[in-house]
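Asker: Taken in order, these protein sequences are the chains called H and P.
Per our numbering, residue 1 is the first one in the first sequence, and the count goes up by one each step.
Per our numbering, residue 1 is the first one in the second sequence, and the count goes up by one each step.
Since the hints were made in silico from the structure, they are not lab data.
Note that the structure is a prediction, hence the values are computed from the model and not measured.
Yeah, the Cβ is synthetic: ideal placement off N, Cα and C, and Gly gets one too.
There could be a bad hint or two in this list.
[Stated by the list, open to error] Which stretches of chain P does chain H cover? Using the computed rule of at least three CB atoms under 8 Å from a CB of chain H, they are:
(1) 738-746
(2) 769-779
[As the list claims (entries may be wrong)] Heads up, incomplete: computed chain H residues facing chain P, CB under 10 Å, no partners named:
(3) 33
(4) 107
(5) 183
(6) 187
(7) 196
(8) 214
(9) 215
(10) 217
(11) 224
(12) 225
(13) 228
[Said to hold, decoys possible] Heads up, simulated BS3-like pairs for lysine-lysine below, C-alpha to C-alpha not over 30 Å straight-line:
(14) 198(P) <-> 228(P)
(15) 212(H) <-> 148(H)
(16) 655(P) <-> 702(P)
(17) 332(P) <-> 492(P)
(18) 104(H) <-> 702(P)
(19) 104(H) <-> 786(P)
(20) 566(P) <-> 27(P)
(21) 747(P) <-> 209(H)
(22) 29(P) <-> 192(P)
(23) 179(P) <-> 29(P)
(24) 186(H) <-> 731(P)
(25) 730(P) <-> 187(H)
(26) 303(P) <-> 321(P)
(27) 747(P) <-> 104(H)
(28) 730(P) <-> 104(H)
(29) 212(H) <-> 747(P)
(30) 186(H) <-> 730(P)
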Amino acid sequence: MENKTLVLIVEDENPICHFMSTALKANGYRVVSTGKGLEIPALVSSHCPDIVLLDLGLPDIDGIDALQALREWSDVPVVVVSARNGEREKVAALDHGADDYVTKPFGTAELLARIRTAIRHSKARQGTDASTGETVFTIGGLCVDTEKMIISVDGAEVHFTPIEYRLLELLARNRGRVLTHDLIMKKIWGPWFTDNQTLRVNMANIRRKLEKNPAEPRYIRTEIGVGYRMVEE
Amino acid sequence: MTLSDERPDPDALLESIESGQKKTGGKLKIFFGYAAGVGKTYAMLEEARERLDGGIDVVAGYIEPHARPDTAALARDIPSLPQKIIQYRNIQLFEFDIDAALLRKPALILVDELAHENAQGSRNGKRYQDVEELLQAGIDVWATMNVQHVESLNGVVRRITGITVRETVPDYIIDQADKVKLVDIDPEELLKRFAEGKVYGKDRVTVARRNFFTSGNLSSLREIAMRKAADRVSRDIEREKKPAPEKILVCIGPSPSSASCIRAAARMADAWHAPWIAVTVLQGDESDGVRENTALALRLGAKLVSLQGSDIAFAISEYAKLTGVTNLVIGKRKRHDAFRNLLRPEFADKLAFLLPDVEVHIIPDQLTGSRYRKRKFLQPAGRPDFRLSPRHAFISLAIIAFATLFSYALRAANIGDHNIIMVYILGVLVISRYTEGYLYGAVSSVLAVLSFNFFFTEPYFTFNAIDPRYPVTFFIMFLVSLITSAMTVRIKEQVVASVQRERRTEMLYDINRKLLAAYDIAGITQVIEDHLSAVFSTDAILYAADPANAQFARTDGKKNLCENEKSVVQWVFANGKAAGIGTGTLSLVPAFYMPVSGREGVIGVIGLSCEKGKRLSHENTVFLGTLASLAALAIERQSLSDRQHVMELESEKEKMRYDFLRGISHDLRTPLTAILGASSVLLENGEALDGDARYLFASDIKCDAQWLMRMVENILSVTKISDGSMRIAKKNEAVEEVVAEAVSLVKTHFSGIRLNVSIPADLLMIPMDGTLIEQVLINLIENAAKYAGVSPAIELRVTVDAHNAVFAVTDEGTGIPEEELPRIFDGPVSGDKKTGDGSRGLGIGLMICASIIKAHGGTISARNREGHGAEIRFTLPRGQGITDGKQDAGSDSRG
Chain H
1 MENKTLVLIV EDENPICHFM STALKANGYR VVSTGKGLEI PALVSSHCPD IVLLDLGLPD
61 IDGIDALQAL REWSDVPVVV VSARNGEREK VAALDHGADD YVTKPFGTAE LLARIRTAIR
121 HSKARQGTDA STGETVFTIG GLCVDTEKMI ISVDGAEVHF TPIEYRLLEL LARNRGRVLT
181 HDLIMKKIWG PWFTDNQTLR VNMANIRRKL EKNPAEPRYI RTEIGVGYRM VEE
Chain P
1 MTLSDERPDP DALLESIESG QKKTGGKLKI FFGYAAGVGK TYAMLEEARE RLDGGIDVVA
61 GYIEPHARPD TAALARDIPS LPQKIIQYRN IQLFEFDIDA ALLRKPALIL VDELAHENAQ
121 GSRNGKRYQD VEELLQAGID VWATMNVQHV ESLNGVVRRI TGITVRETVP DYIIDQADKV
181 KLVDIDPEEL LKRFAEGKVY GKDRVTVARR NFFTSGNLSS LREIAMRKAA DRVSRDIERE
241 KKPAPEKILV CIGPSPSSAS CIRAAARMAD AWHAPWIAVT VLQGDESDGV RENTALALRL
301 GAKLVSLQGS DIAFAISEYA KLTGVTNLVI GKRKRHDAFR NLLRPEFADK LAFLLPDVEV
361 HIIPDQLTGS RYRKRKFLQP AGRPDFRLSP RHAFISLAII AFATLFSYAL RAANIGDHNI
421 IMVYILGVLV ISRYTEGYLY GAVSSVLAVL SFNFFFTEPY FTFNAIDPRY PVTFFIMFLV
481 SLITSAMTVR IKEQVVASVQ RERRTEMLYD INRKLLAAYD IAGITQVIED HLSAVFSTDA
541 ILYAADPANA QFARTDGKKN LCENEKSVVQ WVFANGKAAG IGTGTLSLVP AFYMPVSGRE
601 GVIGVIGLSC EKGKRLSHEN TVFLGTLASL AALAIERQSL SDRQHVMELE SEKEKMRYDF
661 LRGISHDLRT PLTAILGASS VLLENGEALD GDARYLFASD IKCDAQWLMR MVENILSVTK
721 ISDGSMRIAK KNEAVEEVVA EAVSLVKTHF SGIRLNVSIP ADLLMIPMDG TLIEQVLINL
781 IENAAKYAGV SPAIELRVTV DAHNAVFAVT DEGTGIPEEE LPRIFDGPVS GDKKTGDGSR
841 GLGIGLMICA SIIKAHGGTI SARNREGHGA EIRFTLPRGQ GITDGKQDAG SDSRG
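So that you can see chain H by itself, here it is in the shape it has in the complex (with noise of 0.2 Å):
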């Protein structure tokens, strides 16, 4: 934590945003905040965060359309957080370029996790983290190799069928991410492919494989409405 990442809060309730900058604090971050969406622009280009969380129900502009104008100019990783649940409105913030979300309530565990992971990624895309090339993605008893294309659990070797492989290579990749139905489909199966049906079975197919009880899973999580997310550890 010595490099000292600076986080950009987006959130106009002082209680909550007082909350997460102490988390935050306490956790080795610098924090920048600000309760209006209209100064995004300005501060993101005069202090450079390396990660912007952003409350969706913001009184000046829409969050959504504060993470559109962003993302015209900026690849800063961002984390959605908002108090609305509906599963619409976290897809449209994902397709908008969101990296993530948070719902609130949430705990400072969920919301460190989100941002490390999201910083990691972002990393990653940069190439200026030792993660780049990275071939060998280990989850717990999970071992995805893809120099190899071997997948095994517990250390034992699991057959996959080849889109069931390049399904658990893309979560795996993504992992600690959520990746939506849509983008999980367009990656897999080509940008025209609307089956939302043949994502369940495959994915069903690969919980029989890697789980012991598919009712209890421990590498791979559903986002009700929203899409599939592989744990980190």
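Mind docking chain P on chain H? Use the hints.
Answerer: The following block gives chain P in isolation, referenced to the frame of chain H:
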């Protein structure tokens, strides 16, 4: 049976109710003249131009192309609709375009020649029907017509001019017209115009037309036209007065001369402003002649009644007595055969005898009748079923032969003579009983006489008879057997007819019973369609809704009755009139459509397929009408109860909302009090506390806050379902994913929980709102955790059956108190006694579960397991389940 003054009450009442219904359509003005060339069209156009100048939206719908230059010039000033061109056998016919007119919807439209008969293939057979449609659509119409086209005056005009006019307009059109303007011109002037070729153009003056335009003819026609117009004026004045207590009845037969009786009755009724009834007495099937005449009577405004019976006079007299008829109109033909007169008393005499208090008007047959008579002779009783059946012929011959043999036996036993005649007559009677129609009886009568002559009169085995008494014997024997056989046949027919009627009555009763049992519109439709198909042995269809919203592509495997059913049904619905075969509208469609009228206008349409262009008989139409009114009653009853049901549901929802708010405000107050207390202790006395105590307070706050959070999530779920009409957006979700999410969430809240989850081995996709079902599972598991005591061991099991996915949450705790079981899903209000926080939130949580499951079309129930613990299970339908929440899910908890 004297006829008193208070006679025609029920019918009069009905009629006054019917006429009391205000029509909201457009107004009709008729320019009425006594012959072509009097200047009707000119007068109409002139007046229309004045209106046009006054800023009224006038459109000429159809103006006859006239040779008269002044009329044509006038017509050019008025905007006109393009005429429809109909191709008919290589001729182009120009017709009035009704659809264009309806689309254009002017304030006033001009339609020339009201009596015009449209070309085949047009929607309506007659132009006046087009006009009716325009009026119905709220468009004012001006039209022209001549006196000879008035239906009721048709016969009178023929008598005067000798010309039969085929294109007629029913009287009710003229009676219901808002204004009738008489366009008059001196006959001398008209003749002058005619001679100058101003009326028809010199080349188009035919002989017939020349014969028509005589001074005498024109004067007579003018008189009739004026009288008709004057009559209308006087009726307008008298309309307020009570109508005379007269009631006219006319008998309809198959003969064309019946038509003149009908017209006479119509004129009479018109003059007295009295109601009139046209009666047909059916003997077997309805002939074409009867059908034509009944149609005429209907057009002239009669009420139609058909009676059944072999004795026409008796049937009519009984009906007349029952309904309080004061005047009877019958036709009379001159009968040449005195022989028949001997057998049957004069019809008129018989009626006069049977109805001493009724005035009988006799209309002589104006036709020479020879044509008709011949036909009548060939087809006695109007029935064409004159095919020889070998079986019946054999029966007849066999019986005659047997009678002959038996007679031989009798004579051999020396008890013959008179008995032989009896045996033959008995034979004829038996033949009539076992064969169909009059033929076999009549022929057998002849055969019986002949064989009696041949075998049993001296000289034997010849047709000669020596004894001068024999001819008399033969004659009487023939008569007796003929009459006996005729009477037997008649009785048989009456039995058949009464059986048929009985069957219909029974059918009506049956339909009524089934309609009462039907509990939705689809059921009613089914009952009506099934019975119609059974009665008429053809396809039938019922649209029990506004066709604008109805589904026309049949989903139940039935075909539409015709290709453009949609437009026909919509027309019938909009106009409230029958269409299709046998009507004046869309008569080329191979089906018959009848409106189903309820209290507030048309509420449905009945369609009946008529194959091979067969028209419905009057009796069938009446029966169909009866069925239609039954259907109307049922549909109205249904829509009423539907509305009531919706209201009940609404008030139930209202109550639920109220209960929910009451429960929730209580439940929210408890944790808020704890949070407020703990935080204020921390703020005010923070320094005085040690680290452990501070930690305890902070974790208390967190615990209560988490509880509040879950509560808020529940409330959010409820807003999701109670928004709008309890409809939820269902998507196919994998059960295992939803279960896994719920389980992992519960585990983060209750770390000490022991949860055993089992799901089906195969992927199970169920239509649901994933987050709501997740909420249900969370609530149920938490609820179980509360009951299960210190070390909760909870099992969540998902299984499938043919229609449902079954979710069961069981615990091994103390179970649910028996007295609470029935109300466990009713919310917290019912349990007002217990306000301790041991069960806080429980009621709300389960109530929300119940309403979510209900909204999904599933069921939820709770029970105590044998021995220990409780089980709450719910089901979700696997297919596209219903979402209207009609099922009473809560009541399952009792079983």
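Asker: Need the list of violated hint numbers for this structure, in ascending order.
Answerer: The structure conflicts with hints 3, 5, 6, 16, although it agrees with all the remaining ones.
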